[in-house]
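> Read top to bottom, the protein sequences are chains A and B.
Heads up: the first sequence runs through residues 4 to 479, numbered per this note's numbering.
Heads up: the second sequence runs through residues 4 to 479, numbered per this note's numbering.
To be clear, the hints were calculated from the coordinates, so they are not data collected in a lab.
Among the hints, erroneous ones may be present.
[Claimed, not checked] Derived lysine to any residue pairs resembling SDA-like cross-links, with alpha carbons at most 25 angstroms apart: (1) A:Lys331 x B:Glu80; (2) A:Lys127 x B:Leu309; (3) A:Lys30 x B:Lys65; (4) A:Lys65 x A:Glu150; (5) B:Lys202 x B:Lys325; (6) B:Lys253 x B:Gln231; (7) A:Lys151 x B:Lys65; (8) A:Lys30 x B:Leu309; (9) A:Lys65 x B:Glu80.
[What the hints assert, rightly or not] Not the full set, but computed from the structure, chain A residues with beta-carbon under 8 angstroms of chain B: (10) Tyr73; (11) Pro137; (12) Ser145; (13) Leu319.
Just so it is clear, CB atoms sit at the ideal spot from N, CA and C, and this is done for glycine as well.
Number of protein chains: 2
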Amino acid sequence: MADKKMVEAITSMDEDFAQWYTDVVKKAELIDYTSVKGCMVIRPAGYAIWERIQAELDRRFKETGVQNVYLPMFIPESLLQKEKDHVEGFAPEVAWVTYGGLQPLQERLCVRPTSETLFCDYYKNIVHSYRDLPQVCNQWCSVVRWEKETRPFLRSREFLWQEGHTAHATAQEAEERTIQMLNIYAEFLENVLAIPVIKGQKTEKEKFAGAVATYTVEAQMHDGKALQSGTSHNFGDGFAKAFGIQFTGKDNTLQYVHQTSWGMTTRLIGALIMVHGDDSGLVLPPKVAPTQVMIIPIQQKKEGVLEKANELAEVLSGFRVKVDDSDKSPGWKFSEQEMRGIPLRIEVGPKDIEAGKCVVVRRDNGEKCDVAFGDLQETVEKLLTQMQSDMLERARERRDAQTYEARTYDEFKKTFEEKTGFVKAMWCGDQACEDKIKEELAVTSRCMPFAQEKLSDVCVCCGKPAKKMVYWGKAY
Amino acid sequence: MADKKMVEAITSMDEDFAQWYTDVVKKAELIDYTSVKGCMVIRPAGYAIWERIQAELDRRFKETGVQNVYLPMFIPESLLQKEKDHVEGFAPEVAWVTYGGLQPLQERLCVRPTSETLFCDYYKNIVHSYRDLPQVCNQWCSVVRWEKETRPFLRSREFLWQEGHTAHATAQEAEERTIQMLNIYAEFLENVLAIPVIKGQKTEKEKFAGAVATYTVEAQMHDGKALQSGTSHNFGDGFAKAFGIQFTGKDNTLQYVHQTSWGMTTRLIGALIMVHGDDSGLVLPPKVAPTQVMIIPIQQKKEGVLEKANELAEVLSGFRVKVDDSDKSPGWKFSEQEMRGIPLRIEVGPKDIEAGKCVVVRRDNGEKCDVAFGDLQETVEKLLTQMQSDMLERARERRDAQTYEARTYDEFKKTFEEKTGFVKAMWCGDQACEDKIKEELAVTSRCMPFAQEKLSDVCVCCGKPAKKMVYWGKAY
Numbered sequence: 004m005a006d007k008k009m010v011e012a013i014t015s016m017d018e019d020f021a022q023w024y025t026d027v028v029k030k031a032e033l034i035d036y037t038s039v040k041g042c043m044v045i046r047p048a049g050y051a052i053w054e055r056i057q058a059e060l061d062r063r064f065k066e067t068g069v070q071n072v073y074l075p076m077f078i079p080e081s082l083l084q085k086e087k088d089h090v091e092g093f094a095p096e097v098a099w100v101t102y103g104g105l106q107p108l109q110e111r112l113c114v115r116p117t118s119e120t121l122f123c124d125y126y127k128n129i130v131h132s133y134r135d136l137p138q139v140c141n142q143w144c145s146v147v148r149w150e151k152e153t154r155p156f157l158r159s160r161e162f163l164w165q166e167g168h169t170a171h172a173t174a175q176e177a178e179e180r181t182i183q184m185l186n187i188y189a190e191f192l193e194n195v196l197a198i199p200v201i202k203g204q205k206t207e208k209e210k211f212a213g214a215v216a217t218y219t220v221e222a223q224m225h226d227g228k229a230l231q232s233g234t235s236h237n238f239g240d241g242f243a244k245a246f247g248i249q250f251t252g253k254d255n256t257l258q259y260v261h262q263t264s265w266g267m268t269t270r271l272i273g274a275l276i277m278v279h280g281d282d283s284g285l286v287l288p289p290k291v292a293p294t295q296v297m298i299i300p301i302q303q304k305k306e307g308v309l310e311k312a313n314e315l316a317e318v319l320s321g322f323r324v325k326v327d328d329s330d331k332s333p334g335w336k337f338s339e340q341e342m343r344g345i346p347l348r349i350e351v352g353p354k355d356i357e358a359g360k361c362v363v364v365r366r367d368n369g370e371k372c373d374v375a376f377g378d379l380q381e382t383v384e385k386l387l388t389q390m391q392s393d394m395l396e397r398a399r400e401r402r403d404a405q406t407y408e409a410r411t412y413d414e415f416k417k418t419f420e421e422k423t424g425f426v427k428a429m430w431c432g433d434q435a436c437e438d439k440i441k442e443e444l445a446v447t448s449r450c451m452p453f454a455q456e457k458l459s460d461v462c463v464c465c466g467k468p469a470k471k472m473v474y475w476g477k478a479y
Numbered sequence: 004m005a006d007k008k009m010v011e012a013i014t015s016m017d018e019d020f021a022q023w024y025t026d027v028v029k030k031a032e033l034i035d036y037t038s039v040k041g042c043m044v045i046r047p048a049g050y051a052i053w054e055r056i057q058a059e060l061d062r063r064f065k066e067t068g069v070q071n072v073y074l075p076m077f078i079p080e081s082l083l084q085k086e087k088d089h090v091e092g093f094a095p096e097v098a099w100v101t102y103g104g105l106q107p108l109q110e111r112l113c114v115r116p117t118s119e120t121l122f123c124d125y126y127k128n129i130v131h132s133y134r135d136l137p138q139v140c141n142q143w144c145s146v147v148r149w150e151k152e153t154r155p156f157l158r159s160r161e162f163l164w165q166e167g168h169t170a171h172a173t174a175q176e177a178e179e180r181t182i183q184m185l186n187i188y189a190e191f192l193e194n195v196l197a198i199p200v201i202k203g204q205k206t207e208k209e210k211f212a213g214a215v216a217t218y219t220v221e222a223q224m225h226d227g228k229a230l231q232s233g234t235s236h237n238f239g240d241g242f243a244k245a246f247g248i249q250f251t252g253k254d255n256t257l258q259y260v261h262q263t264s265w266g267m268t269t270r271l272i273g274a275l276i277m278v279h280g281d282d283s284g285l286v287l288p289p290k291v292a293p294t295q296v297m298i299i300p301i302q303q304k305k306e307g308v309l310e311k312a313n314e315l316a317e318v319l320s321g322f323r324v325k326v327d328d329s330d331k332s333p334g335w336k337f338s339e340q341e342m343r344g345i346p347l348r349i350e351v352g353p354k355d356i357e358a359g360k361c362v363v364v365r366r367d368n369g370e371k372c373d374v375a376f377g378d379l380q381e382t383v384e385k386l387l388t389q390m391q392s393d394m395l396e397r398a399r400e401r402r403d404a405q406t407y408e409a410r411t412y413d414e415f416k417k418t419f420e421e422k423t424g425f426v427k428a429m430w431c432g433d434q435a436c437e438d439k440i441k442e443e444l445a446v447t448s449r450c451m452p453f454a455q456e457k458l459s460d461v462c463v464c465c466g467k468p469a470k471k472m473v474y475w476g477k478a479y
């Protein structure tokens, strides 16, 4: 009875995907709501996933020479206003500090929605010569955007992220860094989170406020909707001119730096849930799972059972392993392990011990196998590796099955009326068509993929000559 | 000429300790000032030290079962006001958000100065039964206190820290956790930062707003002033009663939880500077140094020199090692390595290579020795270990030499007039004496040490029977 409660309380994903998502974030104890509207507690089970994401990304960043820093959380209003497009993009959605202690502030401060302006202010102070370049910095911090509608991980008023900000001597170096970081994001998403992505460039309409070019990695969720999973921006020298960031080149002339920025956020946890989860809860790819193996003793009060469970944990100490020796029933523990998405479950009871084996169960497909104690380490290694690649493969197959092509506007419209997914279609490059599509079909251009295909010669919307193939879709 | 510039630009510490400190934080490139008064940029060299501190502390925390979480940065005014002492302690120095986007907020939000109230709000939601206890959480984040006078690392309007918050079923368990974390802080300070500490309890006057008892680790800086380096608070059930955090015990009765909190901040970087630094700049203990060994090639354009330098780096890859192959002069590189406090310098030039050896120089005492290439790894290991323990020993000797005893008020007063350091003296336990001492001598009670001594029977101030020996001093 009690064993079933946890599972029954979850809405099925086919029935109501949004409610299923909300159920999972709560029941898997990833978040809790707070007294602050639109802000959440990231609970231990959720934060441990973020720590794994941080460790994997941070290592990749540092291998390319990135150095971590910390800049203030406040931006004076006058500083935010220095770059015109940027302030227009962010001013409507920032939180303003107007009092310090009991005194009103002379100039109000916004809580950073992003830190381009602060990094510019910093680089202006410390960059003087070509010897001071490149600057390749990153910070892990929280940012605030005063969203009206919020959803855990996907859109909240405060969220955690990393923001990289670089300054270079040449335009070419800046473009190379922009693409380098996008490639790191894509590799990380596919190899660690098991989420396949489309790499491409945002249209003018969708690019970051103040950027020359924005590149993106777009993922598709289980319900066919898109999730922008990481972006990398090339700013050219626009910010440098607005902030006066100049250096003396090798040729002794005064030049402006070229800048980039790139970020990933806690919404990746939302992506993990919505790409891999099922009706039993979360399913975590082994590489990002805080606990990879949960050992659940059966009839744990019988002599030797708990000892054996702990002995197996010792054998598996090269993995992230735990023993659930709480006084709950095995069935309840199974439900919990499934809800939390722990990749492998090991069941071991008196009969198993007698037979010199245990039962190993994969979370992603429910496959069970008997494993002799002597083979356990090797089998767990193999199963985790297999599960990691199977999860990527399954996500890719579903994404491909939910990706369509449209050559005419009718076809385009009909596809979006009947299905949710990516639709590939040609585009003339005019924002008018993009606006029309957004208004009529409620979908946005996700990106102009690097891997271009020529589906036809003309724009799916206006019939004029096409310039780019674009991925379109409904997005989170 | 150019080689000397970096060193000359630093004020000597004997001449002006405060200016010396400011020079070091700037010249060692630990921080930069910003357009936001009282807030700083923590630059790569400074942030890398913080990352080392985080890694060492976080590992120790997790070994005791601590789980990391993240709570909102905003606290609604009504929530801050729930615990009377707490709000009185913090309300005068918080920053207030009054606008979200273009709309005034219905209730203003303060930027967290500390998160007791948020953790209480969270625990109230998730703690129901004794099975939900203990809760042993920690978060790494930034907090804001609207200080009037600020100094890099020591006192800034925004700083980074960790704040642990726990909830327990019994008063005893809470007290044990409070002391456990204090002991971790002390062990970390001594073994990693090479900073000896006095462990003790704060007086009623100096304890944390809302706590039943505050414990502290107090360190002494080079100039004899005290620096409170970490605190651990036992809240009893005061917050639990104010917030209604109750659970059903094993005996089926409704009970209040008992809570603790404990924190360390980026001011530890200030402590490192002021305990170990010298007139050439920063001196970092090897365990916390982001770079432990800097290899500086001499006449690096000569054939084979750079190759050898890189080869030595390879040999030393078990340490945090770098080669400075920039096009600056060796003398300039020496100054930089010294300013940044890198524990060991290895000099290697054509003559060394011919002789099959290099020169190794210790940052803390300037000792040089010739080391045969074949012995390098072993010697570096030995020197780093020796340097780590020598630095702790030297700091302890200086601290002890600057610790005095006073048995009469005249002696007490005279000592503080002539010297800066800790003064041990007996105290009756009345706040009136503490207030008088603070007013007349401008010193505060640092702590009532766990290691009590009986210097006399009477209070140094009023002559009434003494209850405790207290450490007194001027503090940062």
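> Hint by hint, note whether the structure agrees.
Verification of the supplied hints:
Between the alpha carbons of A:Lys331 and B:Glu80 the distance comes to roughly 40 angstroms, so the proposed pair goes past 25 angstroms and is violated. For a cut-off of 25 angstroms, the pair hint linking A:Lys127 to B:Leu309 is broken: about 33 angstroms separates their Cα positions. Distance restraint check for A:Lys30 and B:Lys65: the Cα-Cα separation of roughly 24 angstroms lies within the 25 angstroms cut-off, and the hinted pair is therefore satisfied. Distance restraint check for A:Lys65 and A:Glu150: the Cα-Cα separation of roughly 32 angstroms exceeds the 25 angstroms cut-off, and the hinted pair is therefore not satisfied.
Between B:Lys202 and B:Lys325 the CA atoms are separated by roughly 37 angstroms; this puts the pair beyond 25 angstroms, and the hint is violated. About 40 angstroms separates the Cα atoms of B:Lys253 and B:Gln231, which puts this hinted pair outside 25 angstroms; it is violated. Annotation: proposed proximity of A:Lys151 to B:Lys65 is violated, straight-line Cα distance about 37 angstroms (limit 25 angstroms). A threshold of 25 angstroms between alpha carbons decides the hint, and for A:Lys30 with B:Leu309 the separation of about 58 angstroms lies outside it, so the pair is violated.
For the hint pairing A:Lys65 with B:Glu80, the CA-to-CA distance comes to about 40 angstroms; that exceeds 25 angstroms, so the pair is violated. About 4 angstroms separates the beta-carbon of A:Tyr73 from the nearest beta-carbon of chain B, less than 8 angstroms, and the hint is met. About 13 angstroms separates the beta-carbon of A:Pro137 from the nearest beta-carbon of chain B, more than 8 angstroms, and the hint is not met. Given hint, A:Ser145 at the interface with chain B, holds; its Cβ is 6 angstroms from that chain's nearest Cβ, closer than 8 angstroms.
About 18 angstroms separates the beta-carbon of A:Leu319 from the nearest beta-carbon of chain B, more than 8 angstroms, and the hint is not met.
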